[in-house]
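S.K.: Next come the chains, spelled out residue by residue.
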Amino acid sequence: KAGVTQTPRYLIKTRGQQVTLSCSPISGHRSVSWYQQTPGQGLQFLFEYFSETQRNKGNFPGRFSGRQFSNSRSEMNVSTLELGDSALYLCASRPGGRSYEQYFGPGTRLTVT
Amino acid sequence: AQKVTQAQTEISVVEKEDVTLDCVYETRDTTYYLFWYKQPPSGELVFLIRRNSFDEQNEISGRYSWNFQKSTSSFNFTITASQVVDSAVYFCALSEEAGYSTLTFGKGTMLLVSP
Numbered sequence: 001k002a003g004v005t006q007t008p009r010y011l012i013k014t015r016g017q018q019v020t021l022s023c024s025p026i027s028g029h030r031s032v033s034w035y036q037q038t039p040g041q042g043l044q045f046l047f048e049y050f051s052e053t054q055r056n057k058g059n060f061p062g063r064f065s066g067r068q069f070s071n072s073r074s075e076m077n078v079s080t081l082e083l084g085d086s087a088l089y090l091c092a093s094r095p096g097g098r099s100y101e102q103y104f105g106p107g108t109r110l111t112v113t
Numbered sequence: 001a002q003k004v005t006q007a008q009t010e011i012s013v014v015e016k017e018d019v020t021l022d023c024v025y026e027t028r029d030t031t032y033y034l035f036w037y038k039q040p041p042s043g044e045l046v047f048l049i050r051r052n053s054f055d056e057q058n059e060i061s062g063r064y065s066w067n068f069q070k071s072t073s074s075f076n077f078t079i080t081a082s083q084v085v086d087s088a089v090y091f092c093a094l095s096e097e098a099g100y101s102t103l104t105f106g107k108g109t110m111l112l113v114s115p
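Chains as they are written, first to last, in this note's numbering: chain A, 1 to 113; chain B, 1 to 115.
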């Protein structure tokens, strides 16, 4: 089975712009979660989508949003980028239900200048 | 609120040494799940193990072993006979029953294994 894929792998944006990141989960997985990783804050949960519905949301401002499509692919959007949004954004998928292991993609490295 | 503490920021060992990575957690739930992930330089988090709060049996997988002790709220990870390929950042994580889809991570321990 192919693993979780994320595109693009690297991205450079300017402060004030917006960005969209994409995640394709493992085939058959219905849940997609997003995490932000920074040197200062570590790994922090952004949100989770299951069957096109947001089920959980972390403590991030409204500039961070996401959605999930009927094929379980997910996108994450950050509007009005700030320098502090520079991070590795990781997507994870799991089958859904009471399956607890999350399988992570390689991440998208976002740099905001 | 839940919390995971990995007090060791960085550990350096020489190949073939045994090394233990510490993890201490806090949660008010009686049912919870503990995880270890490995993050090599490529950045992808690799799942290593999941443990349920109601199963304190230790586990061994090849050179890896895990010691779960509810009495001390610890879930330590030992690598026996370390190898250079073990060099990575290791994360301990926790999820609670109510929010089982949400992982709370520790800050990670960077393990450097030199030849």
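Fair warning: there could be bad hints in the mix.
Said to hold, decoys possible - Derived coverage of chain A by chain B (criterion: at least 3 residues anywhere in the stretch with Cβ under 8 Å from a Cβ of chain B; other residues may be distant):
hint	stretch
1	22-30
2	45-55
3	65-77
Unchecked claim - DSBU-like cross-link-like pairs, simulated, lysine-lysine; straight-line CA separation at most 35 Å:
hint	chain 1	residue 1	chain 2	residue 2
4	B	70	B	16
5	A	13	B	70
6	B	3	B	38
7	A	57	B	16
To be verified - Just the calculated beta-carbon pair ranges, DEER-fashion:
hint	chain 1	residue 1	chain 2	residue 2	range
8	B	55	A	28	40 to 50 Å
9	A	15	B	83	19 to 29 Å
10	A	15	B	55	26 to 36 Å
Hints in this document: simulated from the structure, not taken from any laboratory.
Glycine included, C-beta positions come from ideal geometry on N, C-alpha and C.
S.K.: Hint by hint, note whether the structure agrees.
M.R.: Outcome of the hint check:
1. Coverage of the stretch 22-30 of chain A by chain B is violated in this model, with 0 residues showing a Cβ closer than 8 Å to a Cβ of that chain against a need of three.
2. Only residues whose beta carbon comes within less than 8 Å of a beta carbon in chain B count, and the stretch 45-55 of chain A has 4; three or more means the coverage holds.
3. By the rule of at least three residues with a Cβ nearer than 8 Å to a Cβ of chain B, the coverage given for the stretch 65-77 of chain A is violated, with 0 such residues.
4. A threshold of 35 Å between alpha carbons decides the hint, and for residue 70 of chain B with residue 16 of chain B the separation of about 30 Å falls inside it, so the pair holds.
5. A distance of roughly 46 Å separates the Cα atoms of residue 13 of chain A and residue 70 of chain B; the hinted pair therefore is violated under the 35 Å criterion.
6. A distance of roughly 19 Å separates the Cα atoms of residue 3 of chain B and residue 38 of chain B; the hinted pair therefore holds under the 35 Å criterion.
7. Among the hinted pairs, residue 57 of chain A with residue 16 of chain B is inconsistent with the structure: their alpha-carbon atoms are about 43 Å apart, more than 35 Å.
8. In this structure the supplied range 40 to 50 Å is violated for residue 55 of chain B paired with residue 28 of chain A, their Cβ-Cβ distance being about 26 Å.
9. The hinted range of 19 to 29 Å is not satisfied by residue 15 of chain A and residue 83 of chain B, whose Cβ atoms lie roughly 43 Å apart.
10. A hinted range of 26 to 36 Å is violated for the C-beta pair residue 15 of chain A and residue 55 of chain B, which are about 48 Å apart.
Checked against the numbered hints listed earlier, the structure breaks hints 1, 3, 5, 7, 8, 9, 10; every other hint is satisfied.
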